[in-house]
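Visitor: Produce the complete structure using the sequences and hints provided.
Number of protein chains: 6
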Amino acid sequence: MSRLTHIGPQGEAHMVDVSEKSATRRVAIAQGAVVMAPETLRLAIAGDAKKGDVFGVARVAGIMAAKKTHELIPLCHPLALSKVGVEITPDDSLPGLRVAAEASLVGKTGVEMEALTAVAVACLTIYDMLKAADRGMRIEGVELVEKRGGKSGEWRRGKNDDG
Amino acid sequence: MSRLTHIGPQGEAHMVDVSEKSATRRVAIAQGAVVMAPETLRLAIAGDAKKGDVFGVARVAGIMAAKKTHELIPLCHPLALSKVGVEITPDDSLPGLRVAAEASLVGKTGVEMEALTAVAVACLTIYDMLKAADRGMRIEGVELVEKRGGKSGEWRRGKNDDG
Amino acid sequence: MSRLTHIGPQGEAHMVDVSEKSATRRVAIAQGAVVMAPETLRLAIAGDAKKGDVFGVARVAGIMAAKKTHELIPLCHPLALSKVGVEITPDDSLPGLRVAAEASLVGKTGVEMEALTAVAVACLTIYDMLKAADRGMRIEGVELVEKRGGKSGEWRRGKNDDG
Amino acid sequence: MSRLTHIGPQGEAHMVDVSEKSATRRVAIAQGAVVMAPETLRLAIAGDAKKGDVFGVARVAGIMAAKKTHELIPLCHPLALSKVGVEITPDDSLPGLRVAAEASLVGKTGVEMEALTAVAVACLTIYDMLKAADRGMRIEGVELVEKRGGKSGEWRRGKNDDG
Amino acid sequence: MSRLTHIGPQGEAHMVDVSEKSATRRVAIAQGAVVMAPETLRLAIAGDAKKGDVFGVARVAGIMAAKKTHELIPLCHPLALSKVGVEITPDDSLPGLRVAAEASLVGKTGVEMEALTAVAVACLTIYDMLKAADRGMRIEGVELVEKRGGKSGEWRRGKNDDG
Amino acid sequence: MSRLTHIGPQGEAHMVDVSEKSATRRVAIAQGAVVMAPETLRLAIAGDAKKGDVFGVARVAGIMAAKKTHELIPLCHPLALSKVGVEITPDDSLPGLRVAAEASLVGKTGVEMEALTAVAVACLTIYDMLKAADRGMRIEGVELVEKRGGKSGEWRRGKNDDG
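Chains as they are written, first to last, in our numbering: chain B, 1 to 163; chain Y, 1 to 163; chain C, 1 to 163; chain L, 1 to 163; chain V, 1 to 163; chain U, 1 to 163.
No lab work stands behind these hints: they were computed from the structure. In this text, all values refer to a predicted model and were calculated from it rather than measured experimentally. Honestly, I wouldn't trust all of these hints.
Some residues of chain L that are not near chain U, with every Cβ distance over 10 Å (derived) [stated by the list, open to error]: (1) THR24; (2) ARG42; (3) LYS83; (4) PRO90; (5) ASP91; (6) LEU94; (7) ARG98; (8) GLY136; (9) GLY141; (10) GLU146; (11) SER152; (12) GLY153; (13) GLU154; (14) ARG156; (15) ARG157.
Result set (EDC-like, lysine to aspartate or glutamate): computed pairs, CA atoms no more than 20 Å apart in a straight line [as the list claims (entries may be wrong)]: (16) LYS159/B x GLU39/Y; (17) LYS151/L x ASP134/C; (18) LYS151/Y x ASP17/Y; (19) LYS68/U x ASP17/L; (20) LYS159/L x ASP134/C; (21) LYS159/V x GLU39/U; (22) LYS68/V x ASP17/B; (23) LYS68/L x ASP17/Y; (24) LYS159/Y x GLU143/Y; (25) LYS68/Y x GLU87/Y.
Glycine included, each C-beta is placed from N, C-alpha and C at the ideal position.
Guide: Quick look at the structure:
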């Protein structure tokens, strides 16, 4: 018996049937980071100090991408997201920018992919806006931090429950 | 004078004007990885041996996402991509799956974002297809490997040219 | 305390969390107009008399755009619209074409933006189909006429309730 | 002979064939405004002073919408835009926010619809972000200011050339 | 009284209002086929034997297209699909490939168009992947096989009930 | 050596590299039909006589779908289409509606898929608009009629050249 719920009996891909699942409140939080040269980080922060655009554009891009998750990830269900938020924080210890996203809805499927997609696209947008200064930036550690709701209940990174 | 070509004179975001740039052949190669538990990797490979779906679906998702780059990244130009390819390779040393993507076109702007977007979305798709088994997976090292063409010429990771 | 519900505590943009709102029937009606030269209006009406295309194409464009509202307006929620209708009426007193749209759903958020987007895109389509004859046309008075449903209840233009 | 180039011989709608047109540099500038209560304008400006989000989000929305013009306006050609810029300026005399957009490319068709779509969607986004405070706002005067390039050459509002 | 529910009182197109309909479980199954030369079918099957790509890519394309139905068919409602599956089977008697799709949701509208769109786009994708070998292929017999749920209840091809 | 140009050396799917191809004028014509009960056809024609909507909406849907071909068909290149036209003709001998589409561009790849996609989506739209009266309709004979341009030159149905 396969544990891969997206794979059918003969191995072919399909969208999992969620019509019998109950609609509960579900939340997912994901994070990631763009690691860059120290002077690129200074540039991003200075740009932000002036007009906030690197941070602001990446935040909007992440939110809009969460709404496109089902268009990007072939077997994701279309969802009526009730909230998406994206936070971007400079971190000298990387050096770089940390990105966190939270998605939630009342529905039949989890929103992990929506939170992860928001993080990934916010990171790609940061790369795009700073790449003229630094093509060597890397996107690192895009991962789920926490999920709540649904049959599998709560999952938190570090507790390693596969809920 | 700002080095951030997406930021206008007062700091506001805009699409860079490329109408005076010449149309040359441009290529970009990007890479990344999904790090997972050893048994998740075995599951992915076994699924692939049967029908190839984790690998196949993620490859298609990456290719289709490259064509959506300008819809996802706010200040990217719409491009007439002439090629996108995505490769996914298991790597026991991670353990996990390595993803590489190549994009090319004859045009006025580079295709770095298209290659990076293909990698990021293929990684997200791998996560989606395996997450029932392992929510702790991480997307790591999404980065540009090489670019060719355009005024700035060739850039390769390790040579640190900011072309 | 901010009255701008799309702005977070530090001023950053986010989608408002609507998961605790109740799902009620919501309706919004919006209107607008394309003002044009008298002969352009005659041309539009004559074209309509023959095959109805200026009117028909703009109506379809408005309906389809309402379904894309959450892709266009960064902080709008994706909605399961239950109805969209668009009406286009010639008005010699402008002279030009008046556009009205009604959107409704049973859901947690209002549909003002969907009705307004339908009107705006129907107006843009009218401009597009007639611009070979008249580049000087103007889109005027795109506004909400009425909304019903939700916690804030009914709002009607002229009563100036900010519901 | 019809002057409506989008209407075929029997009146049915079609995309005009532009394959024989020459690729020249084309520019279009459009404008519009959101008229609001004086206190709403103060709110928008104060929000901008803190983090720039109303202005920043609307600017990004306008730029992204310009890239979607051919998806919204049924008979518009898909275009390889080389630039889109959006400016938003408070104007106490309205009172409200003025929006201007410039689009350009080297190609076979004009970019009037792209500039107008950027303005319209930036205005809709401003409405969305401020509507909790003021549902009575109106979008006014969305119009072409200027176009350059192509067979019909230059057109400027006020000169009334229908090029 | 018109039986065409998409046509309004004066004949203009609109999305049917479904807000008063009850949300029930609805299922639709559709089918179709791509008829091709015998050697093209052998090529497709051999390609599948090696890596499964013609079959795999067409299956993914069909699933993703079902999610885009409301973007493609102007008067279709946006739906929260709970399942889409696509099956592709070689048939020497055509000769060619048979495609079947099932869509389901708990909602207010039927999912016939989603199942038919999945079939049509899977067939187009098969054509695309094999057209270098055989431009003469034909897509045949795209039709509804069965629907369940909703006020009209069950419909099955052959019973000719117009439910 | 594979004749399947979308399949790579190990069988994996990829977009064919067209960057070395020359940009020539390319045209493709495709056709298809929706077969229906005689009374459904009368209904469609009568609806058209009044306001033209079944025909008009399906025509617009076909044109807009052609522009979305590369989003629907995973390995299709994004194209700068220079023309799309869709014709719908009643045919009592089916009985039903015949659909024909022509697509053209000056570019590096053929436009067969764009013409076929326009036909398929126009047929699906006809089905959608008439399905309340007749769920038994069938889409038949979606096929390429003719292509011109490109290295393979002209292909016409009946001459069976595999260009």
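Visitor: Compare the structure with each hint and give your call.
Guide: To see whether the hints hold, each was checked on the structure:
no.	hint	verdict
1	THR24	holds, 15 Å
2	ARG42	holds, 42 Å
3	LYS83	holds, 17 Å
4	PRO90	holds, 37 Å
5	ASP91	holds, 36 Å
6	LEU94	holds, 35 Å
7	ARG98	holds, 32 Å
8	GLY136	holds, 34 Å
9	GLY141	holds, 28 Å
10	GLU146	holds, 24 Å
11	SER152	holds, 18 Å
12	GLY153	holds, 21 Å
13	GLU154	holds, 24 Å
14	ARG156	holds, 28 Å
15	ARG157	holds, 29 Å
16	LYS159/B x GLU39/Y	holds, 18 Å
17	LYS151/L x ASP134/C	holds, 16 Å
18	LYS151/Y x ASP17/Y	holds, 15 Å
19	LYS68/U x ASP17/L	holds, 18 Å
20	LYS159/L x ASP134/C	holds, 12 Å
21	LYS159/V x GLU39/U	holds, 18 Å
22	LYS68/V x ASP17/B	holds, 18 Å
23	LYS68/L x ASP17/Y	holds, 18 Å
24	LYS159/Y x GLU143/Y	holds, 14 Å
25	LYS68/Y x GLU87/Y	holds, 19 Å
Hint violations for this structure: none, all hints satisfied.
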